[in-house]
Structures are given as C-alpha cells and as structure tokens.
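Chemist: This is what each chain is made of:
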Amino acid sequence: MNRRARVNNALAFGLIRAIAIVFLLLVVYVLLYTVVQGWSELTRGAFYTSPPSTDHAGSGAGPQIFNTFYLLILTVILTVPSGLAAGIYFAEYAGTGRLVNAIRRATETLATLPSIVVGLFGYALFVQATGSHPSRLAASLALTVIALPYAVRITEDALRSLPTTLRESSLALGATRWQTITRVLLPAALPQLVTGVILISGRAFGEAAAVLFTGTVGTPTAYANYSLSPFLPGDSLAVNLYVFRSQVEPGTVPDAAAYADGVAALLILLVLVFNIAARYAARHAVRRLQGAI
Amino acid sequence: MRAVSTVPSALEPAAPQWRRRLRAERISRIGFAAAAGLSLVVVGLVILFLTINAWPAFVHIGLDHFFGSTTWDPEGANHHTQNLQPLPFFGSLTPIAGSAVAVILALVIAIPVGLALAIMIAETSRHVGERVLRPAIELFVGVPSIVYGYVGLVLLVPQLERFAPPGQSGQGFGAAAIVLGVMVVPTIATLSADALQAVPSSLREGSIALGATPWQTLRRVLIPAARAGIISGIVLGLARAMGEALAVALVIGGVARLPDLAGGLSFLLKPGMTMTTTITDGISNLGANPKAEAARYLLALVLLVITFACVTTVRVVQRRSEVIT
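Quick note, the sequences are listed as chains A and B, same order.
Per numbering that gives the first Met the number 0, the very first residue in the first sequence carries number 0; after that it's consecutive.
Per numbering that gives the first Met the number 0, the very first residue in the second sequence carries number 0; after that it's consecutive.
A hint or two may mislead.
[Unchecked claim] For the chain A half of the interface with chain B, some residues (derived, Cβ under 7 Å), not all of them:
| # | residue |
| --- | --- |
| 1 | Asn1 |
| 2 | Ala4 |
| 3 | Ile18 |
| 4 | Thr175 |
Since the hints were made in silico from the structure, they are not lab data.
In this text, a Cβ means the ideal position worked out from N, Cα and C, and glycines have one as well.
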C-alpha cells in the first residue's frame, strides 16, 4: 500500500463517519428539541381533553387524539384480513405467471404511490362517487390503500422466513395446506405479524395527506366530538398540525405556537412508543422461535 | 382407527370428511388469490377515477396548454380578459419544474448522507450499526412527515430568513430541499446498507488480499457490486420526495412562481410550488372550481405515471443485477 492510498483511505472514512454522525446528531437534536418545546403542553391536562381553538387560548387536542386512534383501529381492522390473505397467497401459492407478476407490480406501485394521490383518489371514490361527505370510514379506507401493500409484504416475509421443515413436516403428516397455514405457519409467524401490525399502525397514524382529503373539510376546529359513528368527519393529530399551522396566523391566538409544539411532541413520542413496542415484539419473536424449534 | 379411513385410496371412494377438506382447500385458495388480486383492482380504480375526474382538463384546458404553459393561475386572480373578467391559466410547468428542482436538491443532500450511513452500518462499524444506527433510522422513518415539515417551519425557516432578501420569510426551495432530504435519507441508507451487506464476503476478502485499502475496496468493488440496491434506494427515495405533500406545503411558501435558476443560488430562498402542494391547495375549495379541480386530478395522474416509472426502474435494475450475478 502506498502512502497516498493510505491517506485517501483515512480521509474517506473520516469524511463518511463525520457526515453520518453530524446527520444523526442533527436529527436527534431536532426531535429532542421539539419534544422539549412541547413538554409544557404535554403536562397540561386540558391538552388531552379540550378541542383546538382558533380564536381563544386554551387549545387542546382531545378530539384529535381520540380520532387518531379511532382511524388507526378501523384501518387495522380493514387492512389485516386482506393483507394477511394476500401475503399468504404470495408466500404459499403464487407461481410466476403473468397475472401474478402484474399483481406483484400493482402491490409495489401502491406501496410507492404518493399519499396525496391516494387522498385525491379516496375523495373521488369514497366521498364524491358515493355521494357522501368526508368521514372516518372514507379516511380509514384511504389509509387501508396505503397500509395494504405493507401488510402484504410483512406477511409474505414472515411466512417465507419460517423454516421449510415446518411446512414440509405438517404436509407429510397428512395435513391439508389450509390446516398447515392456519395451525402451523400462522401461529409460528404470529410474533412477526404482531410486530408488523404495530409498524403499520405507526405509519397509518402519522399519515396526513390522505386523511386531509377524505376525513376532513379542511378546518382545524370542526370536529369536537367523541361519537363512535364511522360516518362522521374527523381529523387526526397529524392533519390538525398541518391545518392549524397553515391556517392560523402566528400571534392571532396566544397559545397557537405552544399548541402546535405540543401536537408535534406528542406525535414524536407516539412514534417512539410504537417503535419500542415493535422491537419488543420482534425480540419476543426471536426467543419464541428459538424455543420452539 | 377412524384416522386411517380418512386417507383416500384409488380403490375406495373418498370419505365425505376428506372431500370436505378438499373443498375447503379449493375455497381457501381462491380466497387468498382474490385478496392478492385486490391490489390490482385498487390500482385499476385509481387509474379509472383519476382519469374520469381529470377528463374536463383534457377537454376544456387541453394538454398543449397544460404541459405548455408556465402560468398557474387557476382562479384567474392575476389575469383578465379585455372586459375585465378573470382569466384562469392552468400551466403545469411551474409545479412540475418546482417538483423537479426540490427533488433534485433533496437527493443532492440525501445521497451522500444516506450512503455514508449505509457504509457505517454495513462496513466500518457493524456492531454500532446494527445496535444504534439501524434502530435510529427506523425511528426517523416512523416520524410523521408532517412533523419534519413543522420542525422545518419553526426551526429551519427562521434561520434561513436571516439570509433571505427583505420581505422574504425564508420559505422556499432551500427549506423544502432540506426537509425532503432529511426525510429521504433513511430510505437510501437502509436499502444501500442491505445491498452492501448482501455482497459476498469473498469479494471483500479478495480485494483486501490483493493489497487494496478498505476505501479502494469499497469504491471499486463493493459499491459497484451493490449498485442495484443503491440505485433502487435512490429511485424509491426520489419517489418519496416527489410524493411528499404537506411537509413541503408548510415550508415552500406556496407561490406560483418558477424556480429562478438564472439568478444564481438566490432561488433557494424564494418561495415556489410543487405538484403535490398544488394538489394540496385544492382542499380549501373542493367543488368550487371544476376546471381547477380537473387540472389537479391531471397532476395526480402525472404523479401516478412517475410512480409507475420509478417502480419499473427498480424492477429493471434488480432483474439486470440478478442476470449478472
């Protein structure tokens, strides 16, 4: 090795390390800063109970928190059965025919489709074409379009990562494919599937553009209800953060900035909770698989 | 004893129990296939409904105006006919150019950073990479994009304002590019790291054994070998940056103006618009201006075509690399 090559080597890796570390520190700093900024809101009880306001102080995100979890649960209920079944098909049945290829391509396209396009599509189909108005159901259906390809991929990967011996021994014992899937493969893949559901939920609850078009009519304060009807409109935390910031001029409401900081901080903390939960489930999965096989 | 009788043989007719299982087998297979086909149906519906709703734009605006004009003024606020009626313009070149500029700048930021992170994860510090960097990057992916936009608005834009010409808020292409760049880094980093880790270690060892430095190995052997995965990461990052709407809408300023590339770097601090922010603007008056709405659906169709192109590129790149290895 000549001297120049050694110097280049040191310089290159020094630069790579510096870029990576600066980026990581910057993002971590920004996220921490946001949480710290919003902390005073997060420790204020009314933040969790009162609705947002654009004309007086004392805003809260109560209805938005309720609605975020409402949309999340409805989306998971809509996504899991179809995503699971489609993932099973790809992992256990699908060949390499032209139709299967087209379906795979469609799934990849859905996974890459901008959420604003899904929002506009959802508005055209679930709101306009059905002659109704923006609603939680329409928003959840739009979120399902976004979450479905992830659910398919997670299920397929989970089933493919299982040892083949599991599948073969079940079939060799005379079980049908249906029995093999429902009684052997799915229970074995359950921890990974649970991790996947948590990660999908994490995606869905932060998704704003699709919900903006299908679940709301674009004002930050109109949805102060806790009713369970899926046919009522409602905005999520993420949508409210956007609409509030883009419509309320800074300074018109005394605590507008603090409120938005609070919502941003809450979103970051919820992501943290989802990620830790998913990691915990994944670790549990490894331990269970090692114990079982 | 009963278990034995359920096994069908060529001699005795299948037991009813076994026949029932076979029927369940067929039905479940069809059910799984139907669920898989749902994706195809949804994509078909997306194409159908976007086209139907964009149809007035084809008829009443015309593709030559839509793709030929740089004036985007859907309400006719700044243009008038001779008898002072508002005269709307639907030139999509402004939002398309805005998207292109914002995305290219975002990639200029995200590609070096994403590759640096990928190299750290896959090559230089594997232990820290798997225990700290990967989980951190997964966390960054999970943070809602609107939060990045919001942080960009309250932290970044005021900093940029100090450099902006008087009267400008600091919103503009620079802020949009930084926010998008940060959002895209995890996509490039994870896919590139996966690709680098998938390179057979014999290549790495062979190169080192021939006397190459780790940097030479990385640059001449590993990165070329992992090219397909790295390109996929960049293309999917491009798609993500192109499709992000609300985060960009908060920081780009939302003014229908072309990025002024002739004026040096000053365009970074001037506001503009992208395809997605133009669609987002429509939320405030859905149903009020049918032509403008159709034009927005047409922009969504353009985004859909770009998405197809990105997915196809990834497919082609990966298939080619399979052929080579």
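Chemist: For every hint, state whether the structure bears it out.
Modeler: Now the hints, each set against the structure:
no.: 1; hint: Asn1; verdict: violated (10 Å)
no.: 2; hint: Ala4; verdict: holds (5 Å)
no.: 3; hint: Ile18; verdict: holds (4 Å)
no.: 4; hint: Thr175; verdict: holds (5 Å)
The structure shown violates just one earlier hint, number 1.
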